[in-house]
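Student: Here's the letter readout for the chains.
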Amino acid sequence: MARLRTRGHKVVLNRSAGGDTGITILLVLLGAFMFLPMLYVVMQSLKPLDELWMFPPRFYVVKPTFKNFKDLFTLMNDSWVPFSRYIFNTVFISVVGTAGHLFFASLAAYAFAKINFPGGKLMFKTIRTSLMFHATVTGLVNFIIMSWLGWVDTYAAVIIPGFASTLGLYLMKQFMETNVSGAVLESARLDGAHELKIFWTIAMPMVKPAWLTLIIYRFKDLWNEGASIYIHSEQLKTFNYAIGQITAGGIKRAGAGAASTVVMMMVPILVFVISQSNIIETMGSSGMKD
Amino acid sequence: MSKTAAPKAVSRKDMTRAQWTWKEMKRNKVAYLMVAPYVLLFTIFTVIPVVFSIFLSFTEFNLLEPPTFLFLDNYIRLFLDDDIFMIAVQNTMVFAVIVGPVSYIMALMVAWFINELPPKIRAVVTLIFYAPSISGNVYLIWKTLFSGDSYGWVNGTLLKLGIITTEIQFFEDADWVMPLCIVVALWTSLGTAFLSFIAGLQGIDRSMYEAAAVDGIRNRWQELWYVTLPSMKPQLMFGAIMQITSCFGFGGVVTNLCGFPSVDYAAHTIMHHLDDYGSTRFEVGYASAIAVVLFAIMIGANFLVKKILSKVGQ
Chain S
519 MARLRTRGHK VVLNRSAGGD TGITILLVLL GAFMFLPMLY VVMQSLKPLD
569 ELWMFPPRFY VVKPTFKNFK DLFTLMNDSW VPFSRYIFNT VFISVVGTAG
619 HLFFASLAAY AFAKINFPGG KLMFKTIRTS LMFHATVTGL VNFIIMSWLG
669 WVDTYAAVII PGFASTLGLY LMKQFMETNV SGAVLESARL DGAHELKIFW
719 TIAMPMVKPA WLTLIIYRFK DLWNEGASIY IHSEQLKTFN YAIGQITAGG
769 IKRAGAGAAS TVVMMMVPIL VFVISQSNII ETMGSSGMKD
Chain A
21 MSKTAAPKAV SRKDMTRAQW TWKEMKRNKV AYLMVAPYVL LFTIFTVIPV
71 VFSIFLSFTE FNLLEPPTFL FLDNYIRLFL DDDIFMIAVQ NTMVFAVIVG
121 PVSYIMALMV AWFINELPPK IRAVVTLIFY APSISGNVYL IWKTLFSGDS
171 YGWVNGTLLK LGIITTEIQF FEDADWVMPL CIVVALWTSL GTAFLSFIAG
221 LQGIDRSMYE AAAVDGIRNR WQELWYVTLP SMKPQLMFGA IMQITSCFGF
271 GGVVTNLCGF PSVDYAAHTI MHHLDDYGST RFEVGYASAI AVVLFAIMIG
321 ANFLVKKILS KVGQ
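Protein sequence lines, in the order shown, are assigned to chains S and A. Position 287 of the first sequence, counting from 1, maps to 805 under our numbering, and the rest follow consecutively. Position 7 of the second sequence, counting from 1, maps to 27 under our numbering, and the rest follow consecutively.
These are calculated hints, taken from the structure and not from any lab test. Among these hints, one or two may not hold up.
Listed next, the in silico SDA-like pairs over lysine to any residue satisfying Cα-Cα at most 25 angstroms (straight line) [unchecked claim]:
1. A:Lys49 to S:Arg707
2. S:Lys639 to A:Leu60
3. S:Lys807 to A:Gly320
4. A:Lys140 to S:Phe553
5. A:Lys326 to S:Ile798
6. A:Lys140 to S:Ile720
7. S:Lys639 to A:Glu303
8. A:Lys163 to S:Leu593
9. A:Lys163 to S:Lys639
10. S:Lys770 to A:Ser251
11. S:Lys643 to A:Ser251
12. A:Lys163 to S:His712
13. A:Lys326 to S:Thr644
14. A:Lys43 to S:Leu557
15. A:Lys163 to S:Leu557
Taking the hints into account, I'd like the entire structure generated from these sequences.
Tutor: Here it is as C-alpha cells:
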C-alpha cells in the first residue's frame, strides 16, 4: 500500500510541482487565447478614429473615448423605424418566448421525471434524441410548415417553436429527478392534492436553479436572434438585427460597430455573471446515464 | 400518480398486458395532459420535419407543384454527380474531426484544471472561457484582427516586423480560410459541455480520491483516468452530444466570416450546400436528401462517440 501523506488532517493528494506548473502554463496560454480577442473588442470600442485606422495597428487604446458609443446612439436615433420599436421587439420576443418555454417545458419535465405513465419513457427518449442533431436539418421543412400555418412574418414564427426547445426540457427533467423528493410528492398525493397543484406549489419551488438556467438559455438565444428567415417586415425585426445594419456601413462607422458589439455582448455576459452558480448547480444533474 | 401510490391497484396478474396498460393510461390522464402542449409543439417542429424530409428526399419538389417521386435519384446525383457536395463532405469531416475532439478535450481539461481553484477565482476563470460562446456575433472580431488590409492587427504587425511584404487576404485565401474557421470554432466552443464538466467535477466526492490514494493511485493522471472520468461518465456523454451538435452546426459562422460561397469552396460545408439548394435554388427534394445525409452523419457520430466513451476508465 502506498504511504498516505497528510498535512493537518487532510490527505494530500497526488500532486507534483512539475505537473502544477505545466497545468498553470497551459491554462494561462488557453486563457489568453480566449480572453485577448474579447479584450480587443473592448479596446476597439474605446479607440478614437485615428487610433482605429493607424499603421502599425496598436492592440491597446492610448486615448480612450466614449465617442463611439455616442455615435452609436446618434445613429440609432436617425434610423428609419424608431429604434424603440426594435428594442420592443427584442424584449417582447425574449419575455414571451422565455416564459412560454419555462412553463411548457417544466410542465412536461415534471410528468416525465415524476409520474410513471405508459409511453412516457419512450416519448422522453425520442425528445432527447433531438439533442443529437442540429436544427439546420429541420429548417427547410419548418419553413414549409410555417407558411402552411400562415406564421411567416409574424412574432409567432420566432416565439412558438422555441417553447419546445429540447435542452431546457432535458435539463429541467434531469434536475427534477435528482432534486424533487419523491416522498414529499407521495404524501401530497395521499392527502388528495391534484397533480397540477403538486407541480406548481411543491415541485416548482424546489427547482429554482433550473428555472433560472432555462430562462437564461432561452433568453440568450432570443437576445442573439438576428435576422430570422421568417421575418421580412422591418417593424418586426430585432435589436440585434438593427444594430448590425446601422453599423455595417464601412470605415466611418467602424467605431460605432465596435461599440455595438460591446453592447450586444455585455448583456449575456452580465446575465451569466449573476446566475453562474445556479447554472452550474443545474448542470450537476445534466449527465446522461444510458 | 405513480404505481406505488395507488392504494387499491388491481393485481397485474388478473389482466392482459393491454388491459393493464389501458388502466394505467386512464389512471395517469393528468400526465398526458401535462406533456401534451410540449409534445404537440415538438411533433410539429421537429418530428414532422425529420419524417417529411426523409420522404421529400425521394422526390423532386419545388414548393409550387406537388412532389414527384424519384426514388433514389437524388442520392445517386448527390454522391456520383455533385463534385461540390464531395468538397462539402470533405470539409465538414475535416472540420468535425478536428473541432469535435479538440474542443471536447479542451473543455474537459480546462474544467479539470480549474476544479481545484478557490471558488471565487474559479468563477472568474469560468467566465473568461465561457464568454466567447454566449456573446452572439462577437466572433466577428476575428475578421477585424485578421483583416486583409494593413490596419488589421495581424497583417499590420507582420508587416511591421518585416515577416511579410504584402498583406495576406486571410478570409479570401483558400489556404487560410479553413484553419482560421477552425480556430474561431474552437474559440467559441466552450459552451454547455464545459459547464456540465465543471459541475460534474464538483460533484465528485473527495473521499473517493482519498480512497484511491490509499489504493495506490500514484499521480494525477492515473487519478483522472481511474477515478475522475469514470465518476463523471454521464456528464461526458452529455457533453459529447452537445459538442457534436454544435460543431456540425457551425456553418452560419463560417458564412459570416468567409462569405458565401467561400473562396474556391474552401470552407464549403454540408450545411452550406443544404442552404444553397434549399433556400436559393428551391430544389427542395434534393436539399432534403442533403439534410438526411447530414442527419445520418450526426446521429452516426453520436453512436460512435458513445462506443468510445464506454471504454473510459478501463
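Student: Each of the hints needs a verdict: does it hold here or not?
Tutor: Hints, one by one, checked against the model:
Simply put, A:Lys49 and S:Arg707 have alpha-carbon atoms about 15 angstroms apart, close enough for the 25 angstroms limit, and the pair holds. The hinted pair formed by S:Lys639 and A:Leu60 meets the criterion: a straight-line CA distance of about 16 angstroms does not exceed 25 angstroms. Pair hint S:Lys807 plus A:Gly320 holds up; C-alpha atoms about 19 angstroms apart against a cutoff of 25 angstroms. Between A:Lys140 and S:Phe553 the CA atoms are separated by roughly 18 angstroms; this keeps the pair inside 25 angstroms, and the hint holds.
Our distance criterion of 25 angstroms between C-alpha atoms is met by A:Lys326 and S:Ile798, whose separation comes to about 24 angstroms. This hinted pair does not check out: A:Lys140 and S:Ile720 have alpha carbons roughly 32 angstroms apart, beyond 25 angstroms. Taking the CA atoms of S:Lys639 and A:Glu303, the gap is near 38 angstroms; set against the 25 angstroms cutoff, the hint is violated. For a cut-off of 25 angstroms, the pair hint linking A:Lys163 to S:Leu593 stands: about 23 angstroms separates their Cα positions.
The suggested pairing of A:Lys163 with S:Lys639 is violated, with an alpha-carbon distance near 46 angstroms, which exceeds 25 angstroms. Taking the CA atoms of S:Lys770 and A:Ser251, the gap is about 55 angstroms. The hint is violated against a cut of 25 angstroms. Of the supplied pair hints, the one linking S:Lys643 and A:Ser251 holds, its CA atoms being roughly 23 angstroms apart against a limit of 25 angstroms. Between the alpha carbons of A:Lys163 and S:His712 the distance comes to roughly 57 angstroms, so the proposed pair goes past 25 angstroms and is violated.
Distance check on the hinted pair: A:Lys326 and S:Thr644 sit about 17 angstroms apart at the alpha-carbon level, within 25 angstroms; holds. Taken as a hint, the A:Lys43 and S:Leu557 pair is broken in the structure, with Cα atoms around 62 angstroms apart against an allowance of 25 angstroms. Between A:Lys163 and S:Leu557 the CA atoms are separated by roughly 15 angstroms; this keeps the pair inside 25 angstroms, and the hint holds.
In this structure, the earlier hints numbered 6, 7, 9, 10, 12 and 14 are contradicted, and the remaining ones agree with it.
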